[in-house]
Amino acid sequence: MGRFAAMLVLCGCAAAALAQPAPGEAHDQRMAWWREARFGLFIHWGLYAIPAGEWQGATGHGEWIMHTAQIPVEEYERFRERFNPVRFDADAWVALAAEAGMKYIVITSKHHDGFCLFDSQFTDYDVMSTPFKRDIMKELAAAAQRRGLRIGWYHSIMDWHHPDYLPRRDWERRSAAGADFDRYRAHLKNQVRELLTNYGPIGVMWFDGEWEDTWTHAHGLDLFGLCREIAPHTIVNNRVDKGRAGMAGLTLEGGFAGDFGTPEQEVPPTGLPGVDWETCMTMNNHWGYNARDLDYKSADELIRTLVDVVSKGGNFLLNVGPTAEGEFPPESVERLRAVGAWMRLNGPSIYGTQAGPFAALPWGRCTQRPLDGDDTRLFLHVFDWPADGRLVVPGIANTPLHCSLLTELDQPAARLIGARRDGDALVLTLRDVEPLPPVTVIALDVRGRPWVIPAPIISAADDVFVDDLEATASIDGHALKPPDRGEAASVTLRYTTDGSDPARNSPAVSGPVRLRQTTTLSVRAFRDDAPFSPVGRRTFTRVTPRPAISGAAAAEREPGLAYEYYEGDWQRLPNFDALSPARRGHVDGVSLAPRARPERFGLRFRGFLQAPRDGVYRLHLRSDDGSRLYVGDQLVVENDGLHVAEERTGVIALAAGPHPVTITYFQRTGDVDLALAWTPPGESKAPVPPAALRRNRD
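First residue of the sequence shown: 1, per the working numbering; consecutive thereafter.
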């Protein structure tokens, strides 16, 4: 079969579940400052700032340039002779972070290229061997301490420079003969000890590069234990261990080490109650400095992202990539100052707050803080100012006590904002209030702890159906009980099928609702004939199954799929029609075994998917990196882009019989992973069996 075809084996995949963080008082004590801070500065800086993203005419590189441009170690080392950031000013960097409203800084003490920005006794591949000859970490730690900010170290487990680190890059000429990974681990631990003992109190050890096979769960526990032994109050991220579940950055079950999760370049859609987490994000498209990358997020977008993260209970670590001269790019400076101007007015709605009690708000976000006694202050972050001057806060059962703009909260002449009840909602009157873009913050004090009644949940097998469909409606019974007092409210769920809001005389939900045509089902909870919840809505569409193809007899087709293999370096799926395949062949299934080593290649599988019966099919495509699945010319699963192993699902109605199918896939770097599964009508999810895949005869 050859090297590639041998990789094509069916493989299952298990859903990742979150583990709770290490419990106990000691954990809460060391996390207390971090939960109060909510906003930090990430800094990616090293030798890679010198080429500024450009190598041999290509301008899309970043901090991975040694790897992405395949620069040999001896050639990359020459950047050390040019590292002389004479404009670096630790106090200026820390002052700008403080001006932005940030409370901590995490900087790359060593990135994957192995170069150290600190004075290490265990390597000469550090800043002291450059023309600069100053310990950057020492200066930053001292400056942060003077300004009251916490300092933290990003330290890479992976090291492309060290002779004992394994595995070698697949493009490297260096031999791995004589390399000893245990010897490298001793070196890594020695440097971690330096970082935790030579620079005063350290807030965070932020590890990365743990995904290669040589680093194991046992290694992670050992390194985490070393950090805890040396610096009991330093918090450590979950990338010290092997338990990270993709770019979502959260921790799998199974006793993995780490104090907090690390979503990268994304915000968990609904937050993670009870889990400490921190979204790290770039301002443009690179972590390290790239002179050509001017695709910066606006200050308004960064402010709203900060609010979004904190409203869901997380921290926001915003990155800057300094230049080789030691300065922040002017675009970064401009945005940090704009965020800081907003924070000076609205910081109390961010610092030390908790996730808001609402699952979603149509106009913005909410954070909260307990007041003296049992009452609560809700910080309503309004992104979209209501045109009619009425801000509807849905589903809240508490009595309002006080409401004003946050900027006027402590002023003797603060303008009070009217708050009245309208069914399940509080309605705030904003006609005489001027918004403060990009996010206006309203402080709403309510009696007691928040009591938010969610919209009823409408459940069904899918949003589309062929013949008929049963839908059910329910509401979280726990949410119907007032916090810390009283019995759960007695409610009745009522529904409509024409998209209108249910009224007190609408039919009551007494069991499954059977749908036979396209329907918008609306459900609302009522108490004492009055609305008691927001409206839950879901539209179900009756469809005609996509016809199976006719023509060539099944006997003229063979089991499996045809594939085309392409070589190239892409960040998104290419147009394979414009490329020439390096080879062709056929395989039994669509999946690739995880952990295979090839990089920078693409695949296109083509053939037919045999649907055993008429009905709605769910197709599940897991990949690392990007993939797509088409049935005929219809895109059913979109899973494109650079990411670790992620599964996406699409739904399509198919008639019994064969359907043309195309799966496209590309892999840039890291683990190889591809798997196709399905959920046929009336059955459970399972890998697509070889018997359901056919191809034309060669």
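Be a bit skeptical, because a hint or two may be false.
Simulated DEER-style distance windows between Cβ atoms [to be verified]: (1) P507 x D698: 58 to 68 Å; (2) R292 x T399: 29 to 39 Å; (3) L401 x D529: 55 to 65 Å; (4) R134 x P330: 36 to 46 Å; (5) T399 x S298: 33 to 43 Å; (6) E54 x A142: 47 to 57 Å; (7) G225 x T472: 15 to 25 Å; (8) P72 x Q121: 38 to 48 Å.
When the alpha-carbon atoms are kept at most 25 Å apart in a straight line, the in silico DSS-like pairs for lysine-lysine are as follows [said to hold, decoys possible]: (9) K297 x K242; (10) K297 x K312; (11) K189 x K242; (12) K312 x K481; (13) K133 x K189.
Simulated from the structure, these hints should not be mistaken for laboratory data.
Since the structure is predicted, the reported quantities are computational estimates derived from the model, not experimental observations.
Just so it is clear, CB atoms sit at the ideal spot from N, CA and C, and this is done for glycine as well.
Hint check:
Taking 58 to 68 Å as the suggested C-beta distance range, the pair P507 and D698 conforms, at roughly 60 Å. The hint said 29 to 39 Å for the Cβ distance between R292 and T399, and at roughly 56 Å that hint is violated. Between L401 and D529 the beta carbons are some 27 Å apart, a value that contradicts the proposed interval 55 to 65 Å. In this structure, R134 and P330 break the distance hint of 36 to 46 Å, their C-beta atoms being roughly 24 Å apart.
Take T399 and S298: their Cβ atoms lie about 39 Å apart, and the range 33 to 43 Å holds. Roughly 34 Å separates the CB atoms of E54 and A142, a value that falls outside the hinted 47 to 57 Å. Our hint of 15 to 25 Å for G225 and T472 is violated, since their Cβ atoms are close to 48 Å apart. Between P72 and Q121 the C-beta distance comes to about 27 Å, which lies outside the given range of 38 to 48 Å.
Pair hint K297 plus K242 does not hold up; C-alpha atoms about 31 Å apart against a cutoff of 25 Å. Between the alpha carbons of K297 and K312 the distance comes to roughly 21 Å, so the proposed pair stays at or under 25 Å and holds. Between the alpha carbons of K189 and K242 the distance comes to roughly 17 Å, so the proposed pair stays at or under 25 Å and holds. At roughly 22 Å between alpha-carbon atoms, K312 and K481 fall within 25 Å of each other, so this suggested pair holds.
Of the pairs offered as hints, the one joining K133 and K189 holds, with about 24 Å between alpha carbons and a cut-off of 25 Å not exceeded.
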